[in-house]
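Number of protein chains: 4
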Amino acid sequence: MAFPKKKLQGLVAATITPMTENGEINFSVIGQYVDYLVKEQGVKNIFVNGTTGEGLSLSVSERRQVAEEWVTKGKDKLDQVIIHVGALSLKESQELAQHAAEIGADGIAVIAPFFLKPWTKDILINFLKEVAAAAPALPFYYYHIPALTGVKTVRAEELLDGILDKIPTFQGLKFSDTDLLDFGQCVDQNRQQQFAFLFGVDEQLLSALVMGATGAVGSTYNYLGKKTNQMLEAFEQKDFSLALNYQFCIQRFINFVVKLGFGVSQTKAIMTLVSGIPMGPPRLPLQKASREFTDSAEAKLKSLDFLSFTDLKDGNLEAGS
Amino acid sequence: MAFPKKKLQGLVAATITPMTENGEINFSVIGQYVDYLVKEQGVKNIFVNGTTGEGLSLSVSERRQVAEEWVTKGKDKLDQVIIHVGALSLKESQELAQHAAEIGADGIAVIAPFFLKPWTKDILINFLKEVAAAAPALPFYYYHIPALTGVKTVRAEELLDGILDKIPTFQGLKFSDTDLLDFGQCVDQNRQQQFAFLFGVDEQLLSALVMGATGAVGSTYNYLGKKTNQMLEAFEQKDFSLALNYQFCIQRFINFVVKLGFGVSQTKAIMTLVSGIPMGPPRLPLQKASREFTDSAEAKLKSLDFLSFTDLKDGNLEAGS
Amino acid sequence: MAFPKKKLQGLVAATITPMTENGEINFSVIGQYVDYLVKEQGVKNIFVNGTTGEGLSLSVSERRQVAEEWVTKGKDKLDQVIIHVGALSLKESQELAQHAAEIGADGIAVIAPFFLKPWTKDILINFLKEVAAAAPALPFYYYHIPALTGVKTVRAEELLDGILDKIPTFQGLKFSDTDLLDFGQCVDQNRQQQFAFLFGVDEQLLSALVMGATGAVGSTYNYLGKKTNQMLEAFEQKDFSLALNYQFCIQRFINFVVKLGFGVSQTKAIMTLVSGIPMGPPRLPLQKASREFTDSAEAKLKSLDFLSFTDLKDGNLEAGS
Amino acid sequence: MAFPKKKLQGLVAATITPMTENGEINFSVIGQYVDYLVKEQGVKNIFVNGTTGEGLSLSVSERRQVAEEWVTKGKDKLDQVIIHVGALSLKESQELAQHAAEIGADGIAVIAPFFLKPWTKDILINFLKEVAAAAPALPFYYYHIPALTGVKTVRAEELLDGILDKIPTFQGLKFSDTDLLDFGQCVDQNRQQQFAFLFGVDEQLLSALVMGATGAVGSTYNYLGKKTNQMLEAFEQKDFSLALNYQFCIQRFINFVVKLGFGVSQTKAIMTLVSGIPMGPPRLPLQKASREFTDSAEAKLKSLDFLSFTDLKDGNLEAGS
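Chains as they are written, first to last, in our numbering: chain R, 1 to 321; chain X, 1 to 321; chain B, 1 to 321; chain C, 1 to 321.
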């Protein structure tokens, strides 16, 4: 099978892993979740078992089951299902990569290992290469998130230099950082390639679009996908003023919850509120979002009128709330 | 005198303080420097005694002399001369603010104190307010640079909330960080004001322009002002593709020098190369840029053909070098 | 079975996981390794599958096999075999804890999860409690290493407050940090308990002994166990001058290798040199120590005369090398 | 005048700068403060204009006045008055060094500059050398505090290597960090010298004494000097159990206030409480300690019976508070 395969474009929702009140995985709502993303949010790509999905809090066995369920339920509905197979153990990462290929996923993504850390770019590439080799027919995405992994010494731009010689299945980057010099140079230095440059800092996506991002992976696209798609469309049509209005509106919500403390637990609570599908609590070491958080978030969602964005098109957006 | 005064717009060069080989200030070239900025780079605003100007490495007496020289030589040539008066000592900051008013500067800017640090937003505002009060007729700019000051707990957006009640002369922000959620919300929440939102991360200015920046302060505008002005113009005319080409071209140079080690010492060397005006070595604790750096930077400047940008307009920019 | 069980005392070697040149676990040398620790280094306690043992780079299945091999080979030779069962996934941690009990280990140790992080002391305790509950008959040790986990908000002293109410099997602390206020208060506030206070910063063990440490866990005890035991003995006999001589001698070696870059890869190389037992290369994301490192380390070991320490007793230690 | 001069030994109080309610320096109580330190706390050395003294929050002119007042009032009462002359500006640091010599201070101390930072050990030494040269007859102390200055790349042990060739007046080190490998190697590698090795982390002084510290500089010696001297005496007499009891008792207080938020503001409040001499509020960017803090600290001081330590000698210290 020749590379590049079908390019990953537009919004990619980093899926939540729904759980029961006991902290077991609630597979039963995944079908409904797929439909919700497609129909209500207009999002047709997903990124499974990432940070938002508590991927590293699951056992390897659970990660396999979750991946399989999303692939099965997404069939003929979703465009692409990317499985995050990063792990601290290379062996486990390889096992997950091979499994992703077996179940018919559309790609795999890998984070840099972050306990014992690769000291140089070359060691990191060697690690990624070993994972990629376990799924030689699957597009490979590198998930760059230096603040979380502490692997700050390796700039993405340097990693991409000649990457296809080492990882022939390399097909893109999830860039979760605000260093847009590094991101911009990834785009600039690889114009001849068909790489996907997916931005991962939802609250400032517009700043990356202007720098050449071809798509985005994030948790907020679970519930703000429709609004963000409107921003993408405005940007595409060169209506920057409208695009900025959408971005600001989205920022108001994120800015609000960031001040309250915003993480995976809170994302689960918000998604439950917005979609009506029960996401359940997170698993330890996370703790369920507080009632206060949920109430405040709900009030904010209402005050921002996040069900209708039509007024934005008239340029009437007012500052505030 | 009523506020707001004339709005600070477009590019603002963070001036270098020229020195002799002995590390004394070389006042003699400042007149020539003014002419160079205006005529060759199209930059008519300056930010004096900031990080680039080694402001905190100078004695208070030297800071006064430097400020005075720039105001004198800039008269009738520059639009606005902003003096950075931030200091660890409130008293010295106040003395410098008062002096800036006396010599007829157009505004003052202040960094958060960063040895003993303000613990809360309110304490920081109190500090800034005391400085501003020493120059009640001068526009006041807050210089937000959390990575350098370590004052990361205070988001700019929160600081700006109701700022005019506390600092009536507040007129804008130099935002030197890549957190464009914070920056975006500064813009969004203050649409009714006439504040200047000046971005301070030169290598990704385009990402802030799309988020509402009204101008920029930086060291690279000393020698890349003309190119950056072309980017601003393309952005203004909604030619985003061209704007991005300019941004990428600028990034290629910065990306190159960042890998070699890029700071004030290197800025002095580059400016000497590009302008022909001797900037001299930095003062301790900095050390003169190495010969290797200077040679490499010069070769890169040539390879990027930084004297002519006409090819960009044809969209022929090629990746590389 | 009643608690506290036999107290863990003295030196505990954080075992290396020997590997073949292909990066597979080399079980065949573990018996020899046990004998070496006991006979040559006088170390009779081990800490298996920790950082030094690349525990988190192994698959769960490998971790089980490694633990089992150490317990088997250590039988009747070692005093205590502690298995580190920390993992990012609570489920896997529980599985490993239960397995440790089944194979007859003497205790389990757990690191705070460090990808998604516990936000508060209570959440961290809940996590640890769930792991401990999977092995209700085994002594439980908390492995405190804030710099590595980033869980800096939870001070060990606060965690220990009332810990037996929550984790009845709690029996001690591996404290891998230089904050000896926190460590001292752990000791001071728990005098009535029979907890083990094991220090984990080998190069400054003496500073913790004086603060009440009851033992130590570390990688250097694999090859500096004998020397460190001599330091412990001198300290026990209140010969502080001699104890300091031993500490300085040990520091000279560690200081030397720290400057060269010192981690698990280098520990494997040094142990191979000193013990003659082949430890093999590390697994990705680590890379084999360079030849230059190994040569330098060998020369240093010789120059320090690390085979005989008798001169120290005469107080003739000279500064240098 | 030959070096080394009289060695600086034992406790050195980092003096507070007393202020009036308006934030002006209250010179009138400095004489009383000297007597209090000598008579009530048994502390006869001081470190003026350091962090505790808000040295960097004062103007250069104020720093000169404060230094002069302490030298004058300390005459014939204090053993040594060390003036901290560190500043971001080399010129100001030199001016202060020269002034310290003129007024008859016993030594100067200098912190690494921390806004623009020295990139290498050699540049830092050059900076320090230039300051030292401005006071060629005064003992010079380097104030190592990497966490505050961010100059973490330069280990003190490396800085001291051959230091007398570069700074002939070098006479010691204030080491404010918990890296006792670095500290230990400073001591170990310089046994032939008469350097003072002053530890600056009050709450764990005992851990540095055992590693060879010859004295200590800190803020708590203003009010815990007597108790700390008792610890020093017990250590000197090799009564380690008693020394540890004193250390734990001191830790209980510091541990308590650390949890409440402990800095210069709080030190001023505690010193006012304990000594009865009004220290006044701090200057911006600090804010007066809250009433809640002061009340809690007072209650804790009482509960620890910090007026009498006699019970400790009987070994009856009980855990708790």
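Don't read these hints as lab results, they were simulated from the structure.
Check each hint, because a few of them may be wrong.
If chains are identical, the list can't say which one is meant, so a pair holds when it fits in one copy or spans any two.
Straight line, CA to CA, 27 Å or less: simulated DSS-like cross-link-like pairs of lysine-lysine [as the list claims (entries may be wrong)]:
#, residue 1, residue 2
1, LYS7, LYS77
2, LYS91, LYS226
3, LYS7, LYS259
4, LYS238, LYS226
5, LYS117, LYS166
Just so you know, these numbers come straight off a predicted model, no measurement behind them.
Right, here's what the structure says about each hint:
{"no.": "1", "hint": "LYS7 - LYS77", "result": "within (17 Å within a copy, 53 Å between copies)"}
{"no.": "2", "hint": "LYS91 - LYS226", "result": "neither (38 Å within a copy, 36 Å between copies)"}
{"no.": "3", "hint": "LYS7 - LYS259", "result": "neither (36 Å within a copy, 31 Å between copies)"}
{"no.": "4", "hint": "LYS238 - LYS226", "result": "both (18 Å within a copy, 25 Å between copies)"}
{"no.": "5", "hint": "LYS117 - LYS166", "result": "within (20 Å within a copy, 34 Å between copies)"}
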